[in-house]
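Asks: Sequence:
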Amino acid sequence: MHSNFILAGIVLLAVGTYAIRFAGYRLGSRMSMSPRVRAMLSDAATVLLLAVAVTTALFEGSQFSGIARVLGVLFAVFLAWRRAPLILIILGAAAMTALLRYLGVP
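Heads up: the sequence shown is residues 51 to 156, going by this note's numbering.
Simulated from the structure, these hints should not be mistaken for lab results. Please note: incorrect hints may appear among the correct ones.
Claimed, not checked - Here are the simulated distance ranges between beta carbons: (1) L63 x L100: 16 to 26 Å; (2) G59 x D93: 20 to 30 Å; (3) D93 x T67: 12 to 22 Å; (4) V120 x L63: 19 to 29 Å; (5) P135 x T96: 18 to 28 Å.
Using N, Cα and C, we set each Cβ at its ideal position, and we do this for glycine too.
All chains, full assembly: derive it from the sequences and hints.
Replies: Right under this line is the structure:
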């Protein structure tokens, strides 16, 4: 029964996402927005994405995820700042986190 709720949630989110994207496509050319509003919407999307990333990096459920994951994410940010390819960023962050956990860092 629990998996049915998860599946229903996934389907509901997928339908909602598609509906929002379709509405944006259909209404985007009909609505006029000032440059200030467009900039604010762009910034809002960035802030939301950053908030999700920070929450995921710092917490596992309701518990602190551990310093190893935080250092792995910081290493990924460093690699992204150095303009490394995405696959190297992902593998580097995973390797850093795994190495730190292997060495006993929580």
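Asks: Against this structure, judge whether each hint is valid.
Replies: Here is how each hint holds up against the structure:
no. : hint                   : in the structure
1   : L63 x L100: 16 to 26 Å : 20 Å, holds
2   : G59 x D93: 20 to 30 Å  : 29 Å, holds
3   : D93 x T67: 12 to 22 Å  : 21 Å, holds
4   : V120 x L63: 19 to 29 Å : 28 Å, holds
5   : P135 x T96: 18 to 28 Å : 22 Å, holds
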